[in-house]
Each structure stands twice: as C-alpha cells, then as structure tokens.
Amino acid sequence: MAYKNNKIPFDEDNYTHNINRNNERKLDRRGFMKTLVGAAGVFAVSSLPWGAMAAKELAGLGDKKYPKHKITAVKSIAIGDAVDFAFPGEHDSAILIRLSENKYVAYQNACTHLRCPVFWKKDEGEMLCPCHHGKFDVETGAPIAGPPRRPLPEIHVKVENGAVYAVGVKRYEA
Amino acid sequence: MKRSYVPVILLLAVLMLNIIFTQYMVHQYFYEHYTNTIIAAVINVILFPIAFLIYKKGVNVND
Ligand code: FES
Numbered sequence: 001m002a003y004k005n006n007k008i009p010f011d012e013d014n015y016t017h018n019i020n021r022n023n024e025r026k027l028d029r030r031g032f033m034k035t036l037v038g039a040a041g042v043f044a045v046s047s048l049p050w051g052a053m054a055a056k057e058l059a060g061l062g063d064k065k066y067p068k069h070k071i072t073a074v075k076s077i078a079i080g081d082a083v084d085f086a087f088p089g090e091h092d093s094a095i096l097i098r099l100s101e102n103k104y105v106a107y108q109n110a111c112t113h114l115r116c117p118v119f120w121k122k123d124e125g126e127m128l129c130p131c132h133h134g135k136f137d138v139e140t141g142a143p144i145a146g147p148p149r150r151p152l153p154e155i156h157v158k159v160e161n162g163a164v165y166a167v168g169v170k171r172y173e174a
Numbered sequence: 001m002k003r004s005y006v007p008v009i010l011l012l013a014v015l016m017l018n019i020i021f022t023q024y025m026v027h028q029y030f031y032e033h034y035t036n037t038i039i040a041a042v043i044n045v046i047l048f049p050i051a052f053l054i055y056k057k058g059v060n061v062n063d
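Residue numbers (our numbering), protein chains in the order written: chain A, 1 to 174; chain B, 1 to 63.
Don't read these hints as lab results, they were simulated from the structure.
Just so we're clear, the structure is a prediction, and the values are computed from it rather than from any experiment.
Check the hints yourself; a few may be wrong.
What the hints assert, rightly or not - Per label pair, the in silico range of CB-to-CB distance:
id : chain 1 : residue 1 : chain 2 : residue 2 : range
1  : B       : Pro-49    : A       : Asn-161   : 54 to 64 Å
2  : B       : Leu-53    : A       : Asp-137   : 25 to 35 Å
3  : A       : Lys-34    : B       : Val-26    : 45 to 55 Å
4  : A       : Asp-137   : B       : His-33    : 49 to 59 Å
5  : A       : Lys-34    : B       : Gln-23    : 48 to 58 Å
6  : B       : Phe-30    : A       : Gly-80    : 48 to 58 Å
Unchecked claim - These stretches of chain A come out as covered by chain B in the derived footprint (C-beta under 8 Å, 3 or more residues):
id : segment
7  : 28-34
8  : 68-76
9  : 95-107
Idealized CB from N, CA, C, for every residue including glycine.
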C-alpha cells in the first residue's frame, strides 16, 4: 500500500520554477529583430496561397467548362431577331440576339431583379423585363432602367459551320 | 562596439513593404488582375530572405 504523508515537499506558487532562460522577460534588440524576421516569414508564407489562386485563375482553371450547345442555325435567325434557348442547364433559360451580320449576344434571361424572363424589344433596341419594366443594355447586359441593379449574365457564343453555339458563361462580376 | 540600430530600421522598412504588398496583392486579386497578384506575392516571398540577411548581418557585426 502506498504510503502518503500528505505533505507538500516545499512551498511554491510558481509552477514554472524549472524553466530557466536567461533574460526571458527581456525584449532586446536581437529578440526584436528575430520577431521582425519571423513576421516577414509569416507574410511570405501567407502570400503563397494568393499566388497559387491567381496562377490558377490565369491558367483558366477557374472557368467552369460546359459542353458547347447548339442554339440555332444562322439561316433561321434574321438580323435583329432573337431566339430563346437553355444554357448551361436545361432550366437556365437564355436569349440569343443577332445584332448584325456577325455580331451575336446572348444572356441568361432571368431578370436580375426577380427573375422574370427578359425579352428583346426589337423596335426599341433594348431588352425589357415585363414584370417591373426593368431594361437592359443589349450590348453589355447592364441594367439601364427599372429595379434591376446587376447585369444579366453573359453567355459566350461562337459561330461555326453555319450554326450558333453557346460555349460558356461569363464569370459573374459583382 | 556600439550596437547599431540600422538593421532594426531596415527590418521595419521590410515589414512595411510586406504590409503594402500584401494589401496590394489581395486587392489586385479581387480586381481580377492576376498577374499583379502573382508579382506582389513573389515580392513578399523574396522579402523574407532579405529580412533574414539583414538580421544575420546585424547580429554578427554588432553584438
Ligand atoms: S423582375 Fe424584372 S424588373 Fe422586376
């Protein structure tokens, strides 16, 4: 049986009595410089992820890839006309507008206000949302009137072999 | 030998540059100027060995 005398070997209120370093409380010039170098190291290390993320964006890995999607044949869309389609998913309705011989623009056509479908008003040359009369610039998708404050997401299109294809969605910019 | 505070001042300058470039890097990232982001990150990384060299020189000569 263990013998206990219930005595404390010596009086102490200092639980770090066995840790001894010279000048441990003193911040001298050398210690201060060490701290500064350490801080520089922390900055260097914490820069790495930003550099990596930027490199990734530059390499184009940040863009989501969607399979290209045929919208319509060039023949069946006259200059100034629009067609509806869905891209990238089958429920993401979108609109393609042919502005001139070779200029096509496409946007996701859910209004950025409350998601009503935006349509193309040919004679006024702007995109109109019927719900609260929001208007969008057809060249850029930027809101020009009414409640919407954000641009319509642009869809990249490409003309190939007499047909118009949707190839990607422009990154959303706040 | 009288100790020199020049290395301390230099290190403080390096740290200031670190702060500046870090802020610049983060902002350029959100502005989507990724090349600038990378440049700032590289500078930040290079500043560390510079700081270390300043420290080395500073302690050897003067303490
Ligand atoms: S939903 Fe388009 S303006 Fe309100």
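Hint check:
Between Pro-49 of chain B and Asn-161 of chain A the Cβ separation comes to about 56 Å, which falls inside the hinted range of 54 to 64 Å. For the hinted restraint 25 to 35 Å between Leu-53 of chain B and Asp-137 of chain A, the CB-CB distance of approximately 55 Å leaves it violated. Between Lys-34 of chain A and Val-26 of chain B the beta carbons are some 27 Å apart, a value that contradicts the proposed interval 45 to 55 Å. Between Asp-137 of chain A and His-33 of chain B the Cβ separation comes to about 25 Å, which falls outside the hinted range of 49 to 59 Å.
Here the CB-CB span from Lys-34 of chain A to Gln-23 of chain B is close to 25 Å, at odds with the stated 48 to 58 Å. For Phe-30 of chain B paired with Gly-80 of chain A, a C-beta distance near 38 Å fails the hint of 48 to 58 Å. Interface restraint, the segment 28-34 of chain A with chain B: holds (5 residues with C-beta to C-beta distance below 8 Å; minimum three). Coverage of the segment 68-76 of chain A by chain B is violated [criterion: at least 3 residues with CB-CB distance below 8 Å; count 0].
Figure legend: the segment 95-107 of chain A, annotated as covered by chain B; annotation inconsistent (0 residues with Cβ-Cβ distances under 8 Å, at least 3 required).
Of the numbered hints given earlier, the model fails hints 2, 3, 4, 5, 6, 8, 9; all others are met.
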